[in-house]
Amino acid sequence: EQVEHLVAVSGGAYLASSFCSHIVEASSPSSTETLQAWYKQIVARTLIRMQNNASYFIRDWGSNQNGAGRRFWPPFLDALMFVFIIAYTIIITPLTYLIVFLNPICEYL
12 EQVEHLVAVS GGAYLASSFC SHIVEASSPS STETLQAWYK QIVARTLIRM QNNASYFIRD
72 WGSNQNGAGR RFWPPFLDAL MFVFIIAYTI IITPLTYLIV FLNPICEYL
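Heads up, the sequence shown is in the working numbering, so the first residue is 12 and it goes up one at a time.
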């Protein structure tokens with residue numbers, strides 16, 4: 012309620028800039044609503060906007076996207092693809108270190 016400066020770095024800057032844009036866009040709180048309720052409404056709008064913008068990652072199965080971000084496979088495969096990418100990353104990183112660092116060391120010996 013009494014914020015003078017908002018500082019954010021890296022990924023938090025996306026959320027902070029979205030929150031600030033909603034504050035600037037919103038009108039001042041009406042006389043009937045409290046400042047806390049006004050802030051809660053802005054936070055809710057910010058979170059919904061961020062969730063809608065992240066639909067390319069894993070789609071919300073309950074939302075009707077009207078063609079935006081739709082793919083030719085069913086939504087449950089998004090989660091399987093996500094798990095596959097994480098597992099692939101976890102496996103490839105150690106293998107990369109093995110090939111890049113240990114292989115030349117073994118050849119030197």
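I should point out that these hints are in silico values taken from the structure, not numbers from a laboratory.
Glycine residues also receive a C-beta, built at the ideal position from the N, C-alpha and C atoms.
Wrong hints could be hidden among the right ones.
[What the hints assert, rightly or not] Pair by pair, the computed Cβ-Cβ distance ranges are:
(1) F95 with M61: 20 to 26 angstroms
(2) I97 with L26: 19 to 25 angstroms
(3) V94 with Y25: 21 to 27 angstroms
(4) A55 with P85: 42 to 48 angstroms
(5) R60 with Y108: 37 to 43 angstroms
(6) F95 with L26: 38 to 44 angstroms
(7) S21 with Y119: 46 to 52 angstroms
(8) Y108 with M61: 20 to 26 angstroms
Hint check results:
no. : hint                              : result
1   : F95 with M61: 20 to 26 angstroms  : holds, 25 angstroms
2   : I97 with L26: 19 to 25 angstroms  : holds, 22 angstroms
3   : V94 with Y25: 21 to 27 angstroms  : holds, 24 angstroms
4   : A55 with P85: 42 to 48 angstroms  : violated, 29 angstroms
5   : R60 with Y108: 37 to 43 angstroms : holds, 39 angstroms
6   : F95 with L26: 38 to 44 angstroms  : violated, 27 angstroms
7   : S21 with Y119: 46 to 52 angstroms : violated, 38 angstroms
8   : Y108 with M61: 20 to 26 angstroms : violated, 34 angstroms
Violated hints for the displayed structure, listed by number in ascending order: 4, 6, 7 and 8.
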